[in-house]
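Novice: Listed below are the residues making up each chain.
There are 2 protein chains.
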Amino acid sequence: MRNKVFTKISGLSAGLLMFCMMANIHAQAPARPAPAFRMPVVIKSAEVSSDNRVTFRVYDKEANKITVSGEWMPGFGGSEPMVKNDTGLFVLTVGPLKPELYAYSFNVDGVRTIDPNNVQVRRDGSRYESFFIIPGGNADLYMHKDGVPHGTVSKIWYNSSVLGMDRRLYVYTPAGYENSKTKYPVFYLLHGAGGDEDAWTNMGREAQIMDNLIAQGKAKPMIVVMTNGNANQAAAQNEVPLSPSQNIMTMEAYRKYAGKFEENMVKDVIPFIEKTYRTLKDRDHRAIAGLSMGGAHTQTITNDNPGVFSYIGVFSMGLMNFGVQNQDTAKANQERSLKIEALRKSNPKVYWIGVGKDDFLYNSVVSLKADLDKHNFKYTYRETPGGHTWANWRIYLSEFAPLLFK
Amino acid sequence: MRNKVFTKISGLSAGLLMFCMMANIHAQAPARPAPAFRMPVVIKSAEVSSDNRVTFRVYDKEANKITVSGEWMPGFGGSEPMVKNDTGLFVLTVGPLKPELYAYSFNVDGVRTIDPNNVQVRRDGSRYESFFIIPGGNADLYMHKDGVPHGTVSKIWYNSSVLGMDRRLYVYTPAGYENSKTKYPVFYLLHGAGGDEDAWTNMGREAQIMDNLIAQGKAKPMIVVMTNGNANQAAAQNEVPLSPSQNIMTMEAYRKYAGKFEENMVKDVIPFIEKTYRTLKDRDHRAIAGLSMGGAHTQTITNDNPGVFSYIGVFSMGLMNFGVQNQDTAKANQERSLKIEALRKSNPKVYWIGVGKDDFLYNSVVSLKADLDKHNFKYTYRETPGGHTWANWRIYLSEFAPLLFK
Chain A
1 MRNKVFTKIS
11 GLSAGLLMFC
21 MMANIHAQAP
31 ARPAPAFRMP
41 VVIKSAEVSS
51 DNRVTFRVYD
61 KEANKITVSG
71 EWMPGFGGSE
81 PMVKNDTGLF
91 VLTVGPLKPE
101 LYAYSFNVDG
111 VRTIDPNNVQ
121 VRRDGSRYES
131 FFIIPGGNAD
141 LYMHKDGVPH
151 GTVSKIWYNS
161 SVLGMDRRLY
171 VYTPAGYENS
181 KTKYPVFYLL
191 HGAGGDEDAW
201 TNMGREAQIM
211 DNLIAQGKAK
221 PMIVVMTNGN
231 ANQAAAQNEV
241 PLSPSQNIMT
251 MEAYRKYAGK
261 FEENMVKDVI
271 PFIEKTYRTL
281 KDRDHRAIAG
291 LSMGGAHTQT
301 ITNDNPGVFS
311 YIGVFSMGLM
321 NFGVQNQDTA
331 KANQERSLKI
341 EALRKSNPKV
351 YWIGVGKDDF
361 LYNSVVSLKA
371 DLDKHNFKYT
381 YRETPGGHTW
391 ANWRIYLSEF
401 APLLFK
Chain B
1001 MRNKVFTKIS
1011 GLSAGLLMFC
1021 MMANIHAQAP
1031 ARPAPAFRMP
1041 VVIKSAEVSS
1051 DNRVTFRVYD
1061 KEANKITVSG
1071 EWMPGFGGSE
1081 PMVKNDTGLF
1091 VLTVGPLKPE
1101 LYAYSFNVDG
1111 VRTIDPNNVQ
1121 VRRDGSRYES
1131 FFIIPGGNAD
1141 LYMHKDGVPH
1151 GTVSKIWYNS
1161 SVLGMDRRLY
1171 VYTPAGYENS
1181 KTKYPVFYLL
1191 HGAGGDEDAW
1201 TNMGREAQIM
1211 DNLIAQGKAK
1221 PMIVVMTNGN
1231 ANQAAAQNEV
1241 PLSPSQNIMT
1251 MEAYRKYAGK
1261 FEENMVKDVI
1271 PFIEKTYRTL
1281 KDRDHRAIAG
1291 LSMGGAHTQT
1301 ITNDNPGVFS
1311 YIGVFSMGLM
1321 NFGVQNQDTA
1331 KANQERSLKI
1341 EALRKSNPKV
1351 YWIGVGKDDF
1361 LYNSVVSLKA
1371 DLDKHNFKYT
1381 YRETPGGHTW
1391 ANWRIYLSEF
1401 APLLFK
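Keeping their order, the protein sequence lines are chains A and B.
Numbered according to my numbering, the first sequence spans residues 1 to 406.
Numbered according to my numbering, the second sequence spans residues 1001 to 1406.
With the rest of the complex left out, here is chain A:
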C-alpha cells in the first residue's frame, strides 16, 4: 500500500502536495476531496558527508545489479557495484574524495541512467550525467555562493553572415552590468568538439567561477561570450534538434565548414557583441581562449588576426594544421611562420598554454611550444595533472581569467 501511494504521487512534489492539500482546505467551495497521502520518503543521493565520503542510494526492489561510474574513478569505464539491502535499497559509499566537481551515472541492469534522486544534472553533448561537488580548494569556485553578487547569463541569437543562419550564443554579464553605464572588456570563451554554446556554463561552471573570482577581487568584471563552435549548428542539439546530416560530421562537411566558424567569430560575433553590449572596443579589452577544438579555433583566429586580441589562451590543444590539410607542408609551415611572426610583433600581453600531463594531445602541445620558442614568442605554460578533462578546463579558466585586462 505504501509503495502504491509512493508510486501514485511520484509525479508530484512535496510542495505541490502541500499546496493541493491547502487548496482543498481553504477553497470556499471545496474541490474534490484530497486523497489521503503519505509524504514520499526522501532518498538522499549523492550525499556528501563532512569527511568527503559520498553515499549513493536508489530504491529498487526489482533490479539485479546497479553500478556507479564516476569521474573519481581512473580511466574510462570504471564502475563499482551498489549493495542491495533487504528493503530493496541499493547503497554505495565511496571516498573520501578530494575537493572537485564529479560527474557520475548509474548503470541499472545494463542501462546507463542519471541518479533519479539527485537534481544536479549536467549535459555533456548528447549525454546527461548527475554530479556533486566536494567543497574546498578550487572546487569552492564552482559552487553557487550566497552573498556573492551573481552575473546574468543570457541566451541570445545573432545573425551570422558567414554561416548564413541565425545562431545562438551565451553571454555572461557581470553583476552590476544592468544598472550602470560602465563599459566592460570581453572574453570570448570557446568549447571543444562534442560541446556547444551551453558547455562552458553547464560543464565548465563559468558563471559560478566568474562570480566568485570577481567577488574575491581576483578577476576584473568582464563580459564572457560563449559561442557554438560547430559551424553546421544553429544552437545546442537540445534546443535545435539535429538534422540527420548533422548527426555525424562527415569529412566532406568538415571541409565545407573549415575555417568558417573562425571567420564568423571575427566578422559576425565580435561586431554583434560590441554593438549589443556596453563594451570596451580595443584589443587590450578583448581576450579569447578555448579548449581542445576551441584551442585550435583560438590559434586560427589569433594567427589570422594579429592585433585583435591582447589576451590569448590555448587549453589542452597544441600545434595543428587545420585548414591547411590540402596544402603541401612546406608552404603551410611557411605561412604559419609568417603568421606567428606577425602575431608576435602585435605583442599580445598574455599567451597562455595549459595542458594535462596525461592529455592525449600532450605531444601536440610540446610541438606548439617548440614552434613558439623558435620564434622567440613569449608564452606562459601551465602543466597540470590529469588529462583532457573538464576538471582541468575549470582550473584553466580559474587561472586564466585573473590574468585578463590588467
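Note that these hints are calculated values from the structure, not bench results.
Watch out, some of these pointers could steer you wrong.
Here are some chain B residues the structure puts well away from chain A; computed CB gaps all over 10 Å [what the hints assert, rightly or not]:
no., residue
1, Ser1049
2, Thr1093
3, Ile1134
4, His1144
5, Ser1161
6, Ala1175
7, Thr1182
8, Val1308
9, Ala1342
10, Phe1377
11, Lys1378
12, Pro1385
Okay, the calculated beta carbon distance ranges per label pair [stated by the list, open to error]:
no., chain 1, residue 1, chain 2, residue 2, range
13, B, Ala1330, A, Arg53, 55 to 63 Å
14, B, Gly1217, A, Gly176, 31 to 39 Å
15, B, Thr1276, A, Lys267, 29 to 37 Å
C-beta atoms are modelled at their ideal positions from N, C-alpha and C, and glycine is treated no differently.
On the provided structure of chain A, position chain B as indicated by the hints.
Specialist: Structure of chain B alone, referenced to chain A:
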C-alpha cells in the same frame, strides 16, 4: 570486441572522435597514435514517423524488463513494456499520437530513467523526463523554428527587500530588443507549486511559443518575466541546492512566507524590471498570469493592487483564501468582497480564466466565477479538455498572450 570499443568510446561524441582523429593526422609532431575505432551505432529514440507513431529504442543485453510511461497514457502510472529482440535491443512503437509535446520516462527493472538516446530532456521540479513533439496544431508553437526571429532568455538576479535575499528570475526579451530603442510592455508569468523560475521556459516552452506567436503577428512583442514563486528559495533547486529546511515546506514555513512572494512581486520585481529593461511603465502595459499556485499568487497580487495590471490571467486555479486562513470567514469574505469591488472599478481590460474539465481544482474555479458574477465582474472563461497539466498551460499561454497590450 565491438562491444568493448563501443563501451570505450561511449563518453566521446562522434564529433570529438573525428576531431581527435584529424588532430593526430595533422599535428606536425604526431600525438599518441589514434586508436582504431568504429563509429558508435546511433540508436534513434524517440523517433517520430510521418504518421505520428513514435518508436522508443534502448540497447540492453542485461535488463529483464523495460517499460515506457508517457503523457499520452491516461492518468498517473500507466506504462507499456518494450519488447527485447535477440540482439538485446528493446523496442516499443506507440501511436499514432495527436500533435502535442509528450514527456516520458523509461523504467529499467524498477528504476525510472530518462531515455539515454534522446537529448530532449526537461526538468519538472526535482525529476528529469525525456520528451518529443508531434508536429501540427498548437504543438507547432512549441517547436523551435528556423527563420523565425528568436528572443533572448536571460537568467538575472535581483535583490528582494521583502524576502531579504538575492533571487533569480528569467526574462524573455523579444527578438529585436537589443538593437532598438523601443520600450516594451511586460508580462509577468508565474509557475505553480513544485516549479520555479525555470518552469515556464523548460516545461512551458515559453520562448518558442512567444517567438512563434510574435513572428506570426498574433502577439505583440513583449518582455516576459518569469519569477521563482517559492518565497523560501533564491533560485531553482538545481542552481542553488536546497537546504534541509527547504526540502519540505512545512506549514510553519508556509505561514512565515504567506503573502511574501506576492509582496515581493510588487515591491521588488516590478521596480527592478522597470529600472533594468526598456519598459512601458503604466498599467496598460503590464500583464500578469499564473498557473495553479501562480494563479493564486496572481489573484492575491491583483486583488491587493487594483490598477497595477490591466491584463490578468488565472490558469487552473479558482477561489482560494490563501493568506486569510487564520481569520474568521465572514471577515475574510467581506475583505475579499471589497477587494474584488475595487479591482472591478479599476476596470482591467482582460480578466481571463482557463481550466481543464478534469482539473482537480475545477470546483474552485466554479466558485471563483460565481464570486466574480456576484460582483458583475467581467471575465473571459476558457474550458479545455484534460486536467492540471502543462499541456493545458501551454495552450493557455498561447491563447492569453495574443490578448495582451491591444
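Novice: All the hints need checking, so say for each whether the structure fits it.
Specialist: Right, here's what the structure says about each hint:
Against chain A, the non-interface label of B:Ser1049 holds: every CB pair exceeds 10 Å, the least being about 14 Å. Every C-beta of chain A lies more than 10 Å from that of B:Thr1093, the closest at about 19 Å, which supports listing it as non-interface. Distance check on B:Ile1134: its Cβ is at least 13 Å (rounded) from any Cβ of chain A, clearing the 10 Å threshold; non-interface status holds. The claim that B:His1144 lies off the interface is violated: its Cβ sits roughly 5 Å from the closest Cβ of chain A, which falls inside the 10 Å cut-off.
Every CB of chain A lies more than 10 Å from the CB of B:Ser1161, the least distance being 15 Å, so the non-interface label holds. A Cβ of chain A approaches the Cβ of B:Ala1175 within 10 Å, the least distance being about 7 Å, so the stated non-interface status is violated. Against chain A, the non-interface label of B:Thr1182 holds: every CB pair exceeds 10 Å, the least being about 15 Å. With 10 Å as the threshold on Cβ separation, the claim that B:Val1308 sits away from chain A holds: the shortest Cβ distance comes to roughly 22 Å.
Every C-beta of chain A lies more than 10 Å from that of B:Ala1342, the closest at about 19 Å, which supports listing it as non-interface. Residue placement check: B:Phe1377 keeps its beta carbon more than 10 Å from all beta carbons of chain A (closest about 16 Å). Separation of B:Lys1378 from chain A is adequate, the least Cβ-Cβ distance of about 21 Å exceeding the 10 Å criterion. Residue-level check passed: B:Pro1385 sits 17 Å from the nearest beta carbon of chain A, beyond 10 Å.
For the pair B:Ala1330 and A:Arg53, the supplied restraint of 55 to 63 Å holds, since their beta-carbon distance comes to about 58 Å. Distance hint check: the CB atoms of B:Gly1217 and A:Gly176 are about 37 Å apart, consistent with the given range 31 to 39 Å. With their beta carbons about 31 Å apart, B:Thr1276 and A:Lys267 fall inside the hinted range of 29 to 37 Å.
Of the numbered hints given earlier, the model fails hints 4 and 6; all others are met.
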